[in-house]
Amino acid sequence: ADIISTVEFNYTGDLLATGDKGGRVVIFQREQETKSRPLSRGEYNVYSTFQSHEPEFDYLKSLEIEEKINKIRWLPQQNAAHFLLSTNDKTIKLWKISERDKRAEGYNLKDEDGRLREPFRVTELRVPTLKPMDLMVEASPRRTFANAHTYHINSISVNSDYATYLSADDLRINLWHLEVTNRSFNIVDIKPANMEELTEVITAAEFHPHHCNVFVYSSSKGTIRLCDMRSSALCDQHSKFFEEPEDPSSRSFFSEIISSISDVKFSHSGRYMMTRDYLSVKVWDLNMENRPVETYQVHEYLRSKLCSLYENDCIFDKFECCWNGSDSTIMTGSYNNFFRTFERESHRDVTLEASRESSKPRAVLKPRKVCTSGKRKKDEITVDSLDFNKKILHTAWHPTENIIAVAATNNLYLFQEKVN
Amino acid sequence: MFVRGLKRKCFDGEEDIEGTLAGIKAIPSYNLQRQSLLDMSLVKLQLCHMLVEPNLCRSVLIANTVRQIQEEMTQDGTWQMINTQSTGQASLDRLVSTDILCRSSRDQAEGKHVPAYSTFNKDFESDQAQDSSETMSTAPSVQAPRNLQSNVWEMENPQENKGNFQKSLDQIFETLENKSPNSVEDLFSEVDNSYYDLDTMLTGMMSNTKMGHCDSLETFSSPTNTASNSNCKSDLNDLDHIVEILVES
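Order-wise, the sequence lines are chains A and B. Just so you know, we're using the UniProt record's numbering here: the first sequence kicks off at 1 and counts up by one. Just so you know, we're using the UniProt record's numbering here: the second sequence kicks off at 1 and counts up by one.
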């Protein structure tokens with residue numbers, strides 16, 4: 001199994017898609033509760049697997065283009081089929097996933113095995129009939145959106161108009177129409193005329209969940225810009241600029257690197273947005289630009305280890321974050337296969353571990369604790385014994401229920417709230 | 001497994017100025033750490049340059065860090081301090097008041113004056129380039145990686161360092177823009193495959209440089225660790241060669 005690089009529930013939560021480093025997409029479907037298997041509700045089983053992207057070679061630049069799936073975003077379901085967008089560094093594809101559980105029999109012009117019948121053998125006309133067959137799930141690429149990005153795509157976001165979507169790379173954001181593959185509109189361009197002057201890149205972008213003219217993008221300097229597409233065709237001028245003033249007492253050579261935002265997500269309500277930087281998660285009120293309304297420390301004990309984390313490149317890890325359906329809780333990953341959830345109202349937070357040893361099926365997860373000072377209590381883990389190769393970068397929360405998907409390197413864990 | 005801990009080791013006895021002024025033990029430690037951070041960053045940037053797909057965000061962040069260090073070092077007058085070790089008194093206060101590398105200043109009692117990073121001036125950078133091109137000696141630019149190899153704790157000719165990494169920074173961004181296939185092929189024809197693996201490369205370099213802190217990268221690297229240590233010397237020679245190619249192209 002390959003390293004999972006993205007995890008995403010669809011709008012109903014019945015389907016869960018994962019993308020991996022090998023360019024494959026695996027979709028899981030939630031089992032329906034049945035009388036014969038009352039405990040099966042909540043289980044997700046493989047529904048479809050397909051190869052979304054293949055490695056490519058850019059001959060002009062002598063560069064290999066990785067097939068790793070950077071992001072998957074579902075489209076809202078409009079008919080029996082499901083649609084999703086998946087992207088690697090350069091190309092976005094629209095996939096249709098459809099079910100086939102019937103097949104037609106009794107064709108006039110071809111045999112049962114598909115071969116054309118000899119015309120003289122057709123002695124009578126009959127109407128083909130539909131017969132049931134084993135369920136087959138087919139994935140077919142419907143659109144390929146290519147050649148619009150010079151730099152690596154880090155985000156895609158479907159607009160609330162369900163007709164357009166944006167794709168963002170390090171320096172530019174493009175707007176696409178789902179039906180049109182040969183043209184996209186550039187809406188943000190922060191590339192300087194002289195590349196030597198480059199000091200800031202785009203790290204993530206997302207459309208507002210309700211206002212189809214509004215989107216945000218985050219930068220490597222820890223800022224978020226909100227743009228309104230009605231104001232101008234090229235949204236280089238932002239409508240709102242979100243930045244927290246720096247705390248001078250904690251300034252170090254690593255301040256900028258750890259302030260770089262790795263993920264930005266609007267709340268379901270559309271009133272707030274959440275950003276993830278290296279050590280913390282911040283919740284912003286869209287009406288207040290000068291500072292976040294809430295800040296949660298994910299792993300503050302790493303602040304004194306930044307030099308080592310810089311050396312081994314862990315400081316550049318891009319963690320994602322997500323909201324639960326009601327926006328009351330937020331979740332993000334950490335190291336040692338730990339992930340954390342923060343309840344906003346009660347300020348309760350918990351650290352959990354996604355690993356085989358610590359999670360038996362149907363067992364309640366035990367909260368974990370990292371020992372930050374002096375004497376280690378029983379069951380606590382010291383900072384020095386954390387495994388920095390086991391990082392949880394991708395997590396997803398079911399849109400309506402308390403079911404979470406956690407990607408731990410090449411394993412996918414699904415946890416559910418215990419219902420008595 | 002993670003590093004064994006980030007104890008600040010006191011580099012007693014490595015500097016002649018020890019004992020001349022009270023509290024001066026902290027200063028060589030900070031300078032050396034800052035220098036080692038600078039060297040580490042340059043290695044990372046050069047490796048970015050050599051890898052097939054440089055991650056632009058990472059390169060930009062590392063380059064910004066390098067610029068910060070350069071700015072602070074020049075503001076502190078560190079260059080002068082190295083050359084006139086016996087009269088280090090004037091710079092003492094300013095050095096003490098700047099932040100220690102990895103430690104949050106909540107741990108320190110001193111009040112801080114924050115260097116004005118945000119006012120980084122592009123003119124300043126171009127002045128720097130002019131100065132260093134005038135004063136740079138004729139020694140080949142492989143001096144910069146030679147520093148990384150074995151003399152991390154010794155202060156090599158700082159003027160060369162300034163000019164070299166200024167050039168490196170510019171080159172890196174230019175080359176990110178306009179990759180010329182010929183030079184890339186030249187690079188790859190000479191380079192050992194272990195360069196593709198950043199961990200292996202850094203492990204090889206770091207274990208050679210005997211860093212006092214931030215060591216045990218070995219714990220992070222793949223099982224090829226022991227092999228790469230023995231390839232160290234040849235890797236470092238290759239690095240010289242590559243830097244020559246970079247400079248000439």
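It is worth saying that the hints were derived from the structure and are not from the lab. If you're wondering where the values come from, they're calculated on a predicted model, not measured in any experiment. Among the hints, a few may not be true.
[As the list claims (entries may be wrong)] Lysine to aspartate or glutamate pairs mimicking EDC-like chemistry, simulated, CA-CA at most 20 angstroms apart:
id	chain 1	residue 1	chain 2	residue 2
1	A	Lys-102	A	Glu-124
2	A	Lys-221	B	Glu-71
3	A	Lys-360	A	Glu-343
4	A	Lys-68	B	Glu-71
5	A	Lys-96	A	Asp-161
6	A	Lys-191	B	Glu-53
7	A	Lys-61	B	Glu-71
8	A	Lys-391	A	Glu-243
9	A	Lys-21	B	Glu-71
[To be verified] Some residues of chain A that are not near chain B, with every Cβ distance over 10 angstroms (derived):
id	residue
10	Tyr-11
11	Phe-253
12	Ser-359
13	Pro-367
[To be verified] Some residues of chain A that are not near chain B, with every Cβ distance over 10 angstroms (derived):
id	residue
14	Gln-51
15	Ala-80
16	Thr-129
17	Met-136
18	Ala-148
19	His-152
20	Arg-291
21	Tyr-310
22	Ser-326
23	Lys-369
24	Arg-376
25	Glu-417
Using N, Cα and C, we set each Cβ at its ideal position, and we do this for glycine too.
Could you check the structure against the hints above and give me the numbers of any it violates, in ascending order? 1, 3, 4, 7, 8, 9, 11, 19, 21
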